[in-house]
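Guided by the hints, dock chains B, C and D onto chain A, whose structure is given.
Protein chains: 4
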Amino acid sequence: MDAYGHINNVQVVRLLEEARIHAFGPPGGTGAFGQEPPVPLFSSVATGVQALVVEHRIRYTATLDYRNLPLNVEVWITDLKAASLDVAYRIHDPVDARVCVKAQTTLAFVNGEGGALLRITPEQKRQLAPYVGPALFR
Amino acid sequence: MDAYGHINNVQVVRLLEEARIHAFGPPGGTGAFGQEPPVPLFSSVATGVQALVVEHRIRYTATLDYRNLPLNVEVWITDLKAASLDVAYRIHDPVDARVCVKAQTTLAFVNGEGGALLRITPEQKRQLAPYVGPALFR
Amino acid sequence: MDAYGHINNVQVVRLLEEARIHAFGPPGGTGAFGQEPPVPLFSSVATGVQALVVEHRIRYTATLDYRNLPLNVEVWITDLKAASLDVAYRIHDPVDARVCVKAQTTLAFVNGEGGALLRITPEQKRQLAPYVGPALFR
Amino acid sequence: MDAYGHINNVQVVRLLEEARIHAFGPPGGTGAFGQEPPVPLFSSVATGVQALVVEHRIRYTATLDYRNLPLNVEVWITDLKAASLDVAYRIHDPVDARVCVKAQTTLAFVNGEGGALLRITPEQKRQLAPYVGPALFR
Chain A
1 MDAYGHINNV QVVRLLEEAR IHAFGPPGGT GAFGQEPPVP LFSSVATGVQ ALVVEHRIRY
61 TATLDYRNLP LNVEVWITDL KAASLDVAYR IHDPVDARVC VKAQTTLAFV NGEGGALLRI
121 TPEQKRQLAP YVGPALFR
Chain B
1 MDAYGHINNV QVVRLLEEAR IHAFGPPGGT GAFGQEPPVP LFSSVATGVQ ALVVEHRIRY
61 TATLDYRNLP LNVEVWITDL KAASLDVAYR IHDPVDARVC VKAQTTLAFV NGEGGALLRI
121 TPEQKRQLAP YVGPALFR
Chain C
1 MDAYGHINNV QVVRLLEEAR IHAFGPPGGT GAFGQEPPVP LFSSVATGVQ ALVVEHRIRY
61 TATLDYRNLP LNVEVWITDL KAASLDVAYR IHDPVDARVC VKAQTTLAFV NGEGGALLRI
121 TPEQKRQLAP YVGPALFR
Chain D
1 MDAYGHINNV QVVRLLEEAR IHAFGPPGGT GAFGQEPPVP LFSSVATGVQ ALVVEHRIRY
61 TATLDYRNLP LNVEVWITDL KAASLDVAYR IHDPVDARVC VKAQTTLAFV NGEGGALLRI
121 TPEQKRQLAP YVGPALFR
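Chains as they are written, first to last, in our numbering: chain A, 1 to 138; chain B, 1 to 138; chain C, 1 to 138; chain D, 1 to 138.
Calculated directly from the structure, the hints in this document are not laboratory data.
Among the clues, some could well be false.
Unchecked claim - Here's a subset of chain D near chain B, in silico, CB distances under 10 Å, partners left out: (1) Pro26; (2) Val54; (3) His56; (4) Ile120.
Note that this is a predicted model, so its numbers are computed, not measured.
Just so you know, even glycine gets a beta-carbon here, dropped at the ideal spot from N, CA and C.
Just chain A, with the same shape it has in the complex (with noise of 0.2 Å):
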């Protein structure tokens, strides 16, 4: 909570991590056995493959206000390009279903610590094909 009694901007940032590895699991090789998520994009990957953040982008179109009640994440795919992916969400407020975050993850894998990019493969492709959905920006 911050100083207005809101969720703090950056704690929002901490809520989409937990609701993009809700739904694609870890970073393989991080973390523990958990449930299987409903796609596991980053789950999967092969050992020594970094999932990296390249870009956020967080509209904050009404404030978020602290309950003690769990918030909807509406999570998809919107950008599926040879060597990158897009996450999008939007985040509803639990009590009057009002959208207040929406916002984008750009996704993109390397071979190890400063490795080289990695492409998206046909089969992470197939995986994501029923979840890819229109882009929040632009």
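Chains B, C and D alone, transformed into the frame defined by chain A:
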């Protein structure tokens, strides 16, 4: 997640805060309505009353792996004094159920910024009585 | 530190917040006196005025290694409009000086909770004029 | 900053972590070179050795106002045992110098994930000897 793939010990303290607010409501005059907590200890205080954390004691008894599953946190009251109380917690791993963290927060209520310490009211004691249990630390 | 030994991308947003408050002061009516900031943009607003983050845009151009040294953060103003402004940042690695993060925060001022958007005053524009520079994102 | 304009008690634990790493270096095998710490306790451990936080004890003795000034944190060693040690801290307000937080972290070193507890070496004891002082909690 920390450098070892565990939940960072700082984030554990945030998880305790979330569990405490889930059980007792957001502090009065802060945040917004969500759901009625099991015991509205914090959310029912008079306007201007601040709930202060006086002490934290946290024992990390097993590494808490980062998983894409919610944690189970037990919360109870252990030391109901004239002007302070202790909240006790046990965090369980959601897969193997072992206890990873034992913790305790000492709380006091004060009347506004820098104000006098408030006594725990008979009404608060009555509300909390069913949740009083053994202390984790002596 | 994240699982790869870098500064977690969420914590980067907190570092931007710290740099912004260092440059412009804590928002009026929050926090306590520290030192006079270079430009008292936030700390000089009238009581009840809230500084809201409207948008964040953050590009992670190189991994930001976790080191026991302070980071160097450049902060300037890029888009001084009628009722909003953009703060731009460049975070430099403290050892090799490369740019690791380019970011931008769009801010607006509102009159209390849910209140009307406030125009940037001529006095604020005068204060900020020496710090206006080129935009990082178009 | 929390809802009362103070530094949130969770963030205090992060500040203790920063002070500890500033004094003793980032844990070996994590992070990157920065400056030589006053005592390279963490940064000098062998590859694969993990520094684990076993217990935290934190007493909030005065509200820690959020200011745009760095805090002063005293760090010393209080309990140098066969296989663990305690780091003690006192956080001082940077304006009026009062002690706002007294805290203690019990640390142990283990040999890799789930590995055996390591004894504090004579070399580590020699390094730490000049920094051993009185315990804050009994």
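Is the shortest C-beta separation between Ile120 of chain D and chain B less than 10 Å?
-> violated, 19 Å
Hinted contact Pro26 of chain D with chain B - closest CB pair below 10 Å | With a minimum Cβ separation of about 9 Å from chain B (threshold 10 Å), the hint on Pro26 of chain D holds.
Let me know if the C-beta of Val54 of chain D comes in closer than 10 Å to any C-beta of chain B, holds or violated.
-> holds, 6 Å
Hint check, His56 of chain D versus chain B [nearest Cβ-Cβ separation less than 10 Å] | holds, 4 Å
The structure shown violates just one earlier hint, number 4.
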